[in-house]
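All chains should be built: construct the whole structure from the sequences, respecting the hints.
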Amino acid sequence: MGTLRRAIPCVLFALVLLSEVHVWLAEAQHCVWYGECGDSVIVPGKKYNCNYTGAPVPLPAEGHDLLMELCPGYYYGNQSMCCDVNQLNTLKGSLQLPLQFLSRCPACFSNLMNLFCELTCSPHQSQFMNATKITDKNVEEVQYYIGETFTNAMYNACKDVQAPSSNVKALSLLCGKSASKCNATNWIEYMFDINNGQTPFPIIPIFSDAPVSVFTPMNNKTFVCTEGLDDGSGPCSCQDCAAACGPKPVPPPLPPPWLIFGMDAMIVIMWISYSAFLLIFVAAVLGAWCHRRRAVVSEYAPILDSNNPLSLNSDKSKQDAVSCCETLGERFENFLRGVFSSWGSFCVRYPSVVILGSLILVVASSGGLFYMRITTDPVELWSSPASQARQEKSYFDSHFGPFFRTAQLIITTPVDEPFLYTPYFGGPDVPFKSILAKDILHQVLDLQLDIEKIVASYDGKNVTLKDVCLAPLAPYNDNCTILSVLNYFQNSHAMLDHQAGDVFFVYADFHSHFLYCVSAPASLNDTTVLHDPCLGTFGGPVFPWLALGGYDETNYNNATSLVITFPLNNFLNNGTNKGKALAWEKEFIRFMKNYTNPNLTIAFSSERSIEDEINRQSNSDLGTVVISYVIMFVYISLALGHISSCRRLLVDSKISLGVAGIFIVLSSVASSLGIFCYLGIPLTLIVIEVIPFLVLAVGVDNIFIIVQTLKRDERMPNEELHDQIGRVLGDVAPSIFLSAFSETVAFFLGALSNMPAVRTFSLFAGLAVFIDFLLQISCFVSLLGLDAKRQEGNRLDVLCCVKLADSEELKRDSFLFSFFKKVYAPFVLKEWVRPIIVAVFVGMLSFSIAVVHKVDVGLDQKLSMPDDSYVLDYFKNLSMYLHTGPPVYFVVEDGLNYSSREGQNAVCGGVGCNNDSLVQQVFTASLISNYTNVAYTPSSWIDDYFDWVKPQSTCCRYYNDSGAFCNASVVNPACVHCRPMTASGKQRPEGEDFMHFLPMFLSDNPNVKCGKGGHAAYSTAVNLYPNHTGVGANYFMTYHSILKESPDFIYAMKMARELAENITQSLNHKVFVYSVFYVFYEQYLTIAHDTALNLCVSLGSIFVVSTILLGFELWSAVMVSITIAMILVNMFGVMWLWSISLNAVSLVNLVMSCGISVEFCSHIVRAFSISVKKSRVERAEEALAHMGSSVFSGITLTKFGGIVVLAFSKSKIFQVFYFRMYLAIVLLGAAHGLIFLPVLLSYIGPSANRAKVMASNRRLHGTERQRLNF
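In terms of the working numbering, the numbers along the sequence shown are unbroken and rise by one, the last being 1288.
Since the hints were derived computationally from the structure, they do not count as laboratory data.
Errors might be hidden in some of the hints.
[To be verified] Listed below are the simulated DSSO-like cross-link pairs for lysine-lysine, each with C-alpha atoms no more than 30 Å apart in a straight line:
id: 1; residue 1: K596; residue 2: K484
id: 2; residue 1: K65; residue 2: K151
id: 3; residue 1: K604; residue 2: K479
id: 4; residue 1: K1027; residue 2: K64
id: 5; residue 1: K604; residue 2: K1062
[As the list claims (entries may be wrong)] Listed next, with one range per pair, are the computed distances between beta-carbon atoms:
id: 6; residue 1: T614; residue 2: L1155; range: 39 to 47 Å
id: 7; residue 1: G593; residue 2: Q1083; range: 38 to 46 Å
id: 8; residue 1: V59; residue 2: S231; range: 26 to 34 Å
id: 9; residue 1: N104; residue 2: A73; range: 14 to 22 Å
id: 10; residue 1: K611; residue 2: N201; range: 46 to 54 Å
The structure presented is a predicted model; accordingly, all values stated were derived computationally and were not measured.
All C-beta atoms in this analysis are idealised placements derived from N, C-alpha and C, irrespective of residue type, glycine included.
Next up, the structure:
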């Protein structure tokens, strides 16, 4: 009995509990709504759901397939739902855009559908939904209780999903703000907000994991993006799911700087080396000095000792004591002397024949100038047709069309009035910069519309922007692509002024529309009450990073500049259409130069701007160049003469001979240009500007040597004028031939360069130098003979018909020769001066070696513009404001099979794609953009095609009767889905299916119901085989990160090529990377190697030629080569000190400096080698005295006057690469040739050739004239 009493309370409690559970279960089974009733007054075209609190209703049979399509995980036994077929159809229509963008990640889309299926159809609605506003039969507001766990899981599965065609994350298009500002809760709030254009009534989400009042939040099972679904769908790809990628790639650390003792290693090494050299050198000098103090023995004592059989004073010389090489050298020297002596005598005896023949040859050669073509196309100048970049450019242009032309504005404002925008619906204040003020935007829009109205003229016809612009949706939409924030407002003043509100408040205006569009630029309409479109009038998105500048991170409201870009069609092998584009650009430039607005500061440029400004610069600097040459010409004309007295001023002057010499130099240049023009080789501005300078330096030096040698020579007894000039030519011509032939061979070998500009320069320069040499030893010698006869006949210079009374010419040395002979040469070769000179020059060499690796590589585009060019402002603003680099294309060459699963997986980035696919590798590279310079995930036509063709989507449809494509916007019962709603139909299309629907995708324009149409984004990205039998070449586009200086461009290209090579190896199929700037910067990848190779080849050729022409004196050639090498190394030191970068222009100058250096060195060395003085010091002194004055007056003074004028050029490129480098070439050449080289020869110069000494002794035996030992 007691036990029974104790059991009764327990039974009663159990009954009460069961009754409560029964009540709860009953409540859980009722609905909140069922069916659709009245039209929504908030969102036109949408309907309210009907209020219904009864039990779930069995779903009609015609709705079963639709339920399984939308909510495949919700099979509720008896199919009793809280929704009817109409609601399911509405749900399907409302979720088309999320389907198209999120279904590429099955877990994400499954979770999203779970959210909406529970909301729309769940038989347990009353557990987590509460209708808070009911009018008549309409449910006008509900509360939706959602578990925080579910909310976060759904967001985490979707946050990384990409939208391939837009290079952004999908949530940027589906969250109402940029993906970076989207989170788990505000995404759901946005989807349930009536302002998104899809939700017919407010749905208020309440997030909680714990029960709230009588409601239990919906917290269904979710899938993480790394796991597959129950229906067999695989996990999301790494591109769409960061968790599937593993750890984020870490770029390799930058190589540490090479330091020793915390300082640059090269500097330390060179300091140590220099210090060691000084110690050794000083010790050697002191040792030699002490040795000489004990006994002074000349190296020529055996030669001067009369008791020695080799003495000059001995009659018992024996040839068998002379080496074979010395004999061979003497015979070769004697052969050259004989040939040139005979030839010189002939030229003087028959001047008319020689001069007339020379004129005929010059005129014939120069006739080729009538066929002259000047290349100003930068591509032709800097990139070899055989180079990788040129070949890839040709492939790209031929398959996809050339990269579009651009006209671009970068607009800032001097108005400094930032302002705050306070959103009506709450949220923090948003700061805006002055450039985004409405009145400024209106003014910019006026400018933009005026540019659209520009009318140019070409071939007698009007050309407007629409005739040349890029219109990606033509012919359906012929609006021009204009990348401008004004396109967020449809380029309309009315849209810019559009606002919604009442008399008290403004709910939305241009601020809210701008903030939405920059966060979701591909959205068809914003989610504000305005519902204005964000897509541009041309049918595509305007990405904010392309239309705004000067902002921080992604705070586009802080932008300080607007960027307006007009892409224009480029045309391959179509002169007419290209001419139209050029004409419009010319009118655009004229319009912008004349445009003024006090509130706007505008920097602008067009595709033709750089080439136009380079041409204008060349014309503007023409006067500077002419003045430079006039100064040199006047100096040459006056300096050649030697005035012995005022009375003989007009007799002894050699103005006419100087003019003739200059004419010969110009004739050699014209002949070289003409011959190559006959061969069809085009000229470049570098050739026209540099070669006259080079040939003038070489030619004038030779002229001074010939004239001054003759001036110092005394005619031998019974010697006629033609014999004297022939003998003098025999003495000096071998030296001239040595320098000219060395330079010619060096230049011709320089033509092996891959750079067109360097190759063309080397060809023209080599031939010009050789022709100049031929004219100088023929035509000039004849003219010299005529001038000598005039002078001997006391006839006036220029006015040769006028004769003065006979008077004796006073023979005396010129001031410069006397200075070099009596003052300069003895001073330089003093015992205590020589060590100082060696120490200084070796120090200069050590410094240059230490900094040679610090010389910058590249060419700053600003240097190529005149100082007053409008393009300079554009370059400045470009680097200051822009945040995105140039587009870059990963091109897959023809031959990959995209109809197979293997081919698809090799390139795509979605579910089931290879982890090392093309898209995946580029995506991975974009994660470390600071290292790779790849800024964004690539747009992927194949991934968008897979989303577009899915049977759940309304995108891919065709007319059942004709098979023709049916756009998603068409309402016609004859339009059916491309693929069936079966397990196989949901898979990717393969085989014939793949190619059957692909042309439809590429012709489909995106619209409200289908944002995946590929016409705008991919119509030019994919080549199809004839009859659509397969896919040919295609590309995947992304962008480089911001690139400002030459090193940035070079590094970006290098990294992109490495990435493309990795992709090629992964695919086992050729993939290359292309960007419009690669063709200009490719040279810099190998320019250090090319420079070293060119200079070494030139130096090697000079060594070989010098060895032969110096009579096989190897050590003399080594002296020449060492000095030239020092000049070249010091040139790099000057380049670093003077901020001269290494590029094709400076490389041309370096090759030229190699040639000019021969002039400074070879004459001195040859004069040293044939001198018969007693010691090396005396031989060096004699060589410097006799040749130094000619070299100094011939090259140094001539060039110095002309170079100084270049400093006043308006062009930076002239100031940097011509004034600075030319000045360095002349000063370094003169310093090494006239200071260091004689000192070097005095220490380690070659010994005298005994055969030459004896031959000279015999040749001059019995004469009393002063020997000129050359």
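If any of the earlier hints don't hold here, list their numbers in rising order.
none
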